[in-house]
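Chains as they are written, first to last, in the numbering used here: chain C, 107 to 418; chain P, 857 to 951; chain E, 260 to 746; chain L, 598 to 695; chain A, 60 to 160.
Hints were generated in silico from the structure; no laboratory data involved.
The list that follows gives simulated cross-link-like pairs (lysine-lysine, BS3-like), each with its CA atoms no further than 30 Å apart:
hint: 1; chain 1: A; residue 1: K125; chain 2: A; residue 2: K100
hint: 2; chain 1: C; residue 1: K340; chain 2: A; residue 2: K125
hint: 3; chain 1: P; residue 1: K912; chain 2: A; residue 2: K100
hint: 4; chain 1: P; residue 1: K912; chain 2: A; residue 2: K125
hint: 5; chain 1: A; residue 1: K100; chain 2: C; residue 2: K124
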Amino acid sequence: MVLFDLILGLLLVVLVQKCLSVTDLFGAVISFMAFGLLMAVAWVRLEAPDIALAEAAIGSGLTGALLFSTLGRLPHSEARQPIASRTVGSGPGYWLAAGFWWVSIMLLSVAFFLSLLELQAPGLGGYLQERLSESGVLNPVTAVLLNFRSLDTVMEIAVLLLAVAVVWSLGTVGWPAKQKLSLPLLVGLVRLLTPVFLLVAFSLLWRGNHAPGGAFPSGAVLAAASILLLLAGKTIRIYPLTMFWLRWVLAAGLLVFVLAGMSLMFAGYGFLVYPEQWAGTMILIIEVSAGVSIGAMLMALYIGGEPDFHAG
Amino acid sequence: MTTLYLVLVGVLMGNIAIGLIRILRGPTVADRMLAAEFFGTVTVAIILLLAIAMDKSVYYDVALVFALLSALAVVAFVTRGWPDRKSGEQEDERG
Amino acid sequence: MADWIPVVIIFGPLLAAVLVFTQTVRGVTATLVTGGILLIGLVALGGEVSGQGPWLTWQPGGWPVPLGLRWQADFFSVAMLAMTFLVAVSGGLFAIGFLPAAMPSAARHFWTLWLFTWAAMNSLLLAADLFNIYVGLELMALAAVGLISLTRETEALQAAMRYFLVTLFGSMLYLLGVALLYGQYGMLDQAALAAVIEHGLANGVAAVLMTLGLLVKTALFPVHFWLPSAHGKAPVPVSALLSAVVVAVCFFVMYRLWSGLFFVFLAERPAMVLGAIGLASILWGGMQALRQQRLKMIVAYSTIAQFGYVMLVFPVFVADGAAFLAWHGTAMMVLAHGLAKASLFFAAGCLSIAHGHDRIRELTGGGGRLGWVWLAFALAAASIVGLPPSGGFVGKWWLLQAAVLGEAWFWVVVMVLAALLTGSYMYRGLEAAWRPAPPVEAVRPVPAIMVAVTLFCAVGSVAMGFLAVPLEGFLGRTFQPLPIAGG
Amino acid sequence: MTAYYLILAGVILAMAFHGLMTRANLLRKLMALNIFTSAVFLFLVALARMAEPLDPIPHAMVLTGIVVTVSTTAVGLVLLLKLYRRTGSLTLQSADDD
Amino acid sequence: MSAADIAGAALVVVGVLFFLSGTLGLLRFPDIYTRIHALTKADNLGLGLICLGSAVQSGSLLTALKLLLVWILVLLAAAAGASLIAQTAHERGIRPWERQE
Numbered sequence: 107m108v109l110f111d112l113i114l115g116l117l118l119v120v121l122v123q124k125c126l127s128v129t130d131l132f133g134a135v136i137s138f139m140a141f142g143l144l145m146a147v148a149w150v151r152l153e154a155p156d157i158a159l160a161e162a163a164i165g166s167g168l169t170g171a172l173l174f175s176t177l178g179r180l181p182h183s184e185a186r187q188p189i190a191s192r193t194v195g196s197g198p199g200y201w202l203a204a205g206f207w208w209v210s211i212m213l214l215s216v217a218f219f220l221s222l223l224e225l226q227a228p229g230l231g232g233y234l235q236e237r238l239s240e241s242g243v244l245n246p247v248t249a250v251l252l253n254f255r256s257l258d259t260v261m262e263i264a265v266l267l268l269a270v271a272v273v274w275s276l277g278t279v280g281w282p283a284k285q286k287l288s289l290p291l292l293v294g295l296v297r298l299l300t301p302v303f304l305l306v307a308f309s310l311l312w313r314g315n316h317a318p319g320g321a322f323p324s325g326a327v328l329a330a331a332s333i334l335l336l337l338a339g340k341t342i343r344i345y346p347l348t349m350f351w352l353r354w355v356l357a358a359g360l361l362v363f364v365l366a367g368m369s370l371m372f373a374g375y376g377f378l379v380y381p382e383q384w385a386g387t388m389i390l391i392i393e394v395s396a397g398v399s400i401g402a403m404l405m406a407l408y409i410g411g412e413p414d415f416h417a418g
Numbered sequence: 857m858t859t860l861y862l863v864l865v866g867v868l869m870g871n872i873a874i875g876l877i878r879i880l881r882g883p884t885v886a887d888r889m890l891a892a893e894f895f896g897t898v899t900v901a902i903i904l905l906l907a908i909a910m911d912k913s914v915y916y917d918v919a920l921v922f923a924l925l926s927a928l929a930v931v932a933f934v935t936r937g938w939p940d941r942k943s944g945e946q947e948d949e950r951g
Numbered sequence: 260m261a262d263w264i265p266v267v268i269i270f271g272p273l274l275a276a277v278l279v280f281t282q283t284v285r286g287v288t289a290t291l292v293t294g295g296i297l298l299i300g301l302v303a304l305g306g307e308v309s310g311q312g313p314w315l316t317w318q319p320g321g322w323p324v325p326l327g328l329r330w331q332a333d334f335f336s337v338a339m340l341a342m343t344f345l346v347a348v349s350g351g352l353f354a355i356g357f358l359p360a361a362m363p364s365a366a367r368h369f370w371t372l373w374l375f376t377w378a379a380m381n382s383l384l385l386a387a388d389l390f391n392i393y394v395g396l397e398l399m400a401l402a403a404v405g406l407i408s409l410t411r412e413t414e415a416l417q418a419a420m421r422y423f424l425v426t427l428f429g430s431m432l433y434l435l436g437v438a439l440l441y442g443q444y445g446m447l448d449q450a451a452l453a454a455v456i457e458h459g460l461a462n463g464v465a466a467v468l469m470t471l472g473l474l475v476k477t478a479l480f481p482v483h484f485w486l487p488s489a490h491g492k493a494p495v496p497v498s499a500l501l502s503a504v505v506v507a508v509c510f511f512v513m514y515r516l517w518s519g520l521f522f523v524f525l526a527e528r529p530a531m532v533l534g535a536i537g538l539a540s541i542l543w544g545g546m547q548a549l550r551q552q553r554l555k556m557i558v559a560y561s562t563i564a565q566f567g568y569v570m571l572v573f574p575v576f577v578a579d580g581a582a583f584l585a586w587h588g589t590a591m592m593v594l595a596h597g598l599a600k601a602s603l604f605f606a607a608g609c610l611s612i613a614h615g616h617d618r619i620r621e622l623t624g625g626g627g628r629l630g631w632v633w634l635a636f637a638l639a640a641a642s643i644v645g646l647p648p649s650g651g652f653v654g655k656w657w658l659l660q661a662a663v664l665g666e667a668w669f670w671v672v673v674m675v676l677a678a679l680l681t682g683s684y685m686y687r688g689l690e691a692a693w694r695p696a697p698p699v700e701a702v703r704p705v706p707a708i709m710v711a712v713t714l715f716c717a718v719g720s721v722a723m724g725f726l727a728v729p730l731e732g733f734l735g736r737t738f739q740p741l742p743i744a745g746g
Numbered sequence: 598m599t600a601y602y603l604i605l606a607g608v609i610l611a612m613a614f615h616g617l618m619t620r621a622n623l624l625r626k627l628m629a630l631n632i633f634t635s636a637v638f639l640f641l642v643a644l645a646r647m648a649e650p651l652d653p654i655p656h657a658m659v660l661t662g663i664v665v666t667v668s669t670t671a672v673g674l675v676l677l678l679k680l681y682r683r684t685g686s687l688t689l690q691s692a693d694d695d
Numbered sequence: 060m061s062a063a064d065i066a067g068a069a070l071v072v073v074g075v076l077f078f079l080s081g082t083l084g085l086l087r088f089p090d091i092y093t094r095i096h097a098l099t100k101a102d103n104l105g106l107g108l109i110c111l112g113s114a115v116q117s118g119s120l121l122t123a124l125k126l127l128l129v130w131i132l133v134l135l136a137a138a139a140g141a142s143l144i145a146q147t148a149h150e151r152g153i154r155p156w157e158r159q160e
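Just chain C, same shape as in the assembly (with noise of 0.2 Å):
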């Protein structure tokens, strides 16, 4: 197991040189997208099942296809670029602050280091376990996620549709988006996997209260099957009325979220406070809803701008 790890960590150190240095800008993209599927790797071995759904889902599908979005625009990629930024300034000023910031990055890193000799980890582990039986879900990351820890849960589904405001905000996109080359393959292929996608997105949302899955990976995976069938060029048309539902299906998730934790809190529990026998069947609506606005809102994100219907 040690000859396993080590050879990870080289791969990983290897591939994270690789992508910050290599002079053409689509290698370093194509080598940050190996260190994603290598760190995936990494969180199986570390035994941490959740994390490497989502890492799978929206680490390698979602950001690779993000970056080759962008890569796409950017003519001048495979150029030859230069590395390191030119040193910004010179004389004695810059050289002092400089070496100090070097000195105290050093002297940081250094303690950084010895610390982390000193870490006992206790962990919560058992104190969970005990509780476990209380929250109405049986995979552990899912109860903490969305019953011992649910605040955090709320304020994250909060970060991503204020993404969504702010990608919106920053420009409209021609929607459906010219189609520049005709690949019959791909169509057919979409026509197959579709179906596959939405089983998988699906699977994983049920299982995710007693198994690893949950609202995170399924969303990602909706998202994949739609930027798939985006790809393909079969793009529903936007009307003015499918603009109003689609923000509305963008903001389901907190809403009902935030609603449920309110109506309890009217109901006399307490904000966010699951009563027992209704815990399992809370969790579940609030995880399909949240699962359904998550693939739309990173959609959204993938498209980069505010549908402009318009121009269809």
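Starting from the structure of chain C, add chains P, E, L and A where the hints point.
Using the frame of chain C, we list chains P, E, L and A on its own:
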């Protein structure tokens, strides 16, 4: 038994290291993409072997999601990621 | 305790933002309605805090601390929530007049991002869990990036990109520190950790990393370069919110850490380092402000200088003088600075609408409505510099008293020097007011609501000086050890 | 033995920090920031594995972090494209406060 | 070490060997079209045998079917990807390698 699988995983990781050379040397962008697709498949294989070595059947689902997503990366590259100089770059969005 | 108060304060603006995003409610009405609801929540919170002792805690999700999360509020957080409320509502009112004049195209997206920022700030002011603070910092940072890049001009986009990279790096440093602490004690709650933490290398490195991350976000000396361009180039109500409150909330989080979790480490050496950072920020911010040609850039650099001044509280507190006085001075100064800074940016906005630019050399004197704008600018500048009747003076005076009592003479000299420096660059902005009034047709009319809001914030900042005695009583028990959470 | 992963995370942190500071290209800076984030998450999950029994709290934290990171990266990429459309370059000119 | 284990292990070892051939092909072949051939070998047979080996080894039918699905999906992705890349490469004017006499 698990040591055999771990040795095999080590060999597969060696494949990734060799594949890395193609990323650096690959003259065209498509070669680099081939190497990336190769990494995807090798990762699925590594996760399968780890699933056997650590005998946890949950990792088969991770491999399944990886297999699904490897198609997305290639398609995204071919349709959007390949910078195309001849036909120029249409302005498909109004900033 | 009333469980609904923090829920209303945090999820009020969040739900309003979602409603504005789904276009069911117009932005302006959503902001005003949220303001009304939050006013009720704040009054109730103030009553509860003054009624039931310094610390209030709530547990969303109902689980005891090491497993669940906790909200906490004391006097300082109530005062900060009130200041955030004032700046957010006045910024909203200002935007009603400013948006159609300056950037009609982006008005559609402004309100969603504005309400998201407000929700993020409120959640940070009430959060007691270290990881919850991380998610709150990310929410606030992303909303601020959206607000800065709203005008889509090249300068604004570059400022937004620079801010994006720097502030996310700061959040990551903060998260690394939190990971170290979790690795050491397996807990994420401030109070629970404060009871257990003791000297050690891992805790020291965690303290340095978390403080460095927050320093990056408060834009103090070593890592300040992003702020002038971000605050200077952003639309006016945005730079008012960013300078007055977003930076203050980051300082508030650092204040929470150093007065609770890392209070054990607040010995001689770390306090001196923090004081040195403050001193360097004062000097650098002041020098740069003297060189600026544009009014908004002067006001942006003064933010760096003022928060450098506020950092002086750590060495003064360690100098075993009147410790409580130092904390009250800091709290008062941050509050007064918030309102005054908002008013300065609003005034700069009115002037840039009137003249079409804000280069000091070509600004004209106060005539007609511009007279009121310059009056507000003068009042706010007085509060920033710390002239006697204003809130800023009371904060700085208390800090100076604490320094004198603690015989920290070096820091007394520094404070006096800082006051002089602030006075000089504020006057540079002000001297344009004495120029002759402009011919009527040369100046575009400034909407009345903008002038009213500018004046309101300036008067508010000065009025805090007159309310010093009751506020001192209200803040009196600010500095209490954190509540030992149950469970 | 998982303590080895803490050291690995530290090495990747150092490399990502160096890359973030020295690379001028904005896309590389974004990737360096993502690698820095992945290293912090590796640090957290290694801690989770070192604890006896396996501690799922860092797993939930990292899951939240991954979603936050993908949303910030998406915003960063759109901002980068807008900047490229306006200035034609992928680097930030030095702060030109006039 | 039951028979299934040994059979599974043998299949997996052969699978890994095919991966090796795929890597060498990816490295040694002169142009993109030939490299695609090498790559699909690694995908179809390499992964196929590993899936088969682990299916035999795991013993439960559900896992075997899931592994079959994994294999089919990777096959689909590799085949479609290979022809897509080849087609677009051809359109982009990448000429196949000829042996210079």
